[in-house]
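There are 2 protein chains.
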Amino acid sequence: MRIAELSRVSGVPVPTIKYYLRENLLPPGELTSPNQASYGDLHVRRLRLIRALVDLAGVPVAQVKEVLEGLDSDTMSLHDQIGRAHRAITSHRQLTSCTPDTEAAAAQVDALLASRKWTVDSDAPALTTLTETIATMRSLGQEHLADLVNAYADAVEKFTDLEIAAVTANHPTPDQIAESVIIGTILGETLISSLRLLAQESISAHRWHQ
Amino acid sequence: MRIAELSRVSGVPVPTIKYYLRENLLPPGELTSPNQASYGDLHVRRLRLIRALVDLAGVPVAQVKEVLEGLDSDTMSLHDQIGRAHRAITSHRQLTSCTPDTEAAAAQVDALLASRKWTVDSDAPALTTLTETIATMRSLGQEHLADLVNAYADAVEKFTDLEIAAVTANHPTPDQIAESVIIGTILGETLISSLRLLAQESISAHRWHQ
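For the protein sequence lines, the chains are A and B, in the order given. Residue numbering for the first sequence follows the numbering used here, starting at 1256 and increasing by one per position. Residue numbering for the second sequence follows the numbering used here, starting at 1256 and increasing by one per position.
Possibly wrong hints are sitting among the right ones.
Copies of one chain are not kept apart here, so a pair can be met inside one copy or by any two copies together.
What the hints assert, rightly or not - Using 20 Å as the maximum straight-line C-alpha spacing, the simulated DMTMM-like pairs for lysine to aspartate or glutamate come out as follows: (1) Lys1273 / Glu1444; (2) Lys1320 / Asp1378; (3) Lys1372 / Glu1444; (4) Lys1372 / Glu1285; (5) Lys1413 / Glu1444; (6) Lys1273 / Asp1329; (7) Lys1273 / Asp1296; (8) Lys1413 / Asp1402; (9) Lys1413 / Glu1278; (10) Lys1372 / Asp1416; (11) Lys1273 / Glu1412; (12) Lys1413 / Asp1310; (13) Lys1372 / Asp1409; (14) Lys1372 / Glu1324.
For the record, the hints were derived by calculation from the structure and aren't laboratory data.
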């Protein structure tokens, strides 16, 4: 199909498609003449993926590009691809200061990783975010929230296992598994977050709404 | 204390404190002379809360202001305050189009709410996000991820109950409960998200990393 039809089918405006082509987020079409290219289902599918990451998950285009480069690479391991997806949805952050709260939080996180036998890179951005969040909860006098970390980790471990099982059971090839893991990682976040807000709203409606 | 000391104690630069004062995110200090004000523990505490919401949770300043207005209001119900916190961490979104995937997703969400007896406002932003996310997973050929929604909801329900219990058990006054619920709502999101990434990284390291 030509670019106009690709736009119609995918719902993505032509100038946006051209921008994605220039930025190499979308592979070039097959040239049918010096000025015209033809696009296929692969392009429709890729455009849907880009829009999901940009519009729904709010991932910046530069990070989407990194994730897609991982997907398109023949040599990058799935583990490294997941690392790229993780960086796309977390911001790099330095521990801003070393207070008694951050020290207590770092100790709590170390204990958590050890007790759960989680193997994570010591410079994983999520590790800093977790430590800072716990430290902040403590500094705001919300120790009882910081103390829920283990209960959260129980739940999180359970559904992460389910995700991995669903992804590997439903996809025969490594490429398909990779794409599914990336989508699950990024959109799963949106799913869990919106479910949590709905659960909270419902509990709050029953408890605190006159 | 004077503004310079408030800056030192809180770690927030003086110009930023002045900006928060102008924007009414921070209540004015007590005037000790026409050009000088004195600040107290309440200001330190409020600055910490603002920085947590802005820096850690990435909430825009305008939305932080809404959340704080809710907290400072004597008449707003806790339920409405929670509504403000929810809007602060979700973007308003319209369902972009009506495809078979969005219709199937809407039906799945309706069934979910009915089976769990969740009472939520029909224009809750999280409802649109949830529906769009499920529809997008389907359109990307990831039905098996969309089918995990019930398992996610089980887990989410469990830890939301724990959060509410922790918050109400540990705070005697409605004002304190409100602040804790808001912090739990917004920072809890950061906590769960970072735990999930760490759990994924660990599972991936064991499965896919050579």
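Structure-based check of all given hints:
1. Lys1273 / Glu1444: neither (29 Å within a copy, 36 Å between copies)
2. Lys1320 / Asp1378: Neither: 22 Å inside a chain and 33 Å across chains, both beyond 20 Å.
3. Lys1372 / Glu1444: neither (23 Å within a copy, 23 Å between copies)
4. Lys1372 / Glu1285: Close neither inside one copy (49 Å) nor across copies (52 Å); limit 20 Å.
5. Lys1413 / Glu1444: Both. Shortest intra-copy (15 Å) and inter-copy (17 Å) distances satisfy the 20 Å Cα cut-off.
6. Lys1273 / Asp1329: For lysine 1273 and aspartate 1329, neither the intra-copy (25 Å) nor the inter-copy (53 Å) Cα distance is at most 20 Å.
7. Lys1273 / Asp1296: within (17 Å within a copy, 55 Å between copies)
8. Lys1413 / Asp1402: both (19 Å within a copy, 15 Å between copies)
9. Lys1413 / Glu1278: For lysine 1413 and glutamate 1278, neither the intra-copy (38 Å) nor the inter-copy (43 Å) Cα distance is at most 20 Å.
10. Lys1372 / Asp1416: within (14 Å within a copy, 27 Å between copies)
11. Lys1273 / Glu1412: neither (41 Å within a copy, 44 Å between copies)
12. Lys1413 / Asp1310: Neither, since 28 Å and 29 Å both go past 20 Å.
13. Lys1372 / Asp1409: Intra 13 Å, inter 24 Å, cutoff 20 Å: intra-copy only.
14. Lys1372 / Glu1324: neither (31 Å within a copy, 43 Å between copies)
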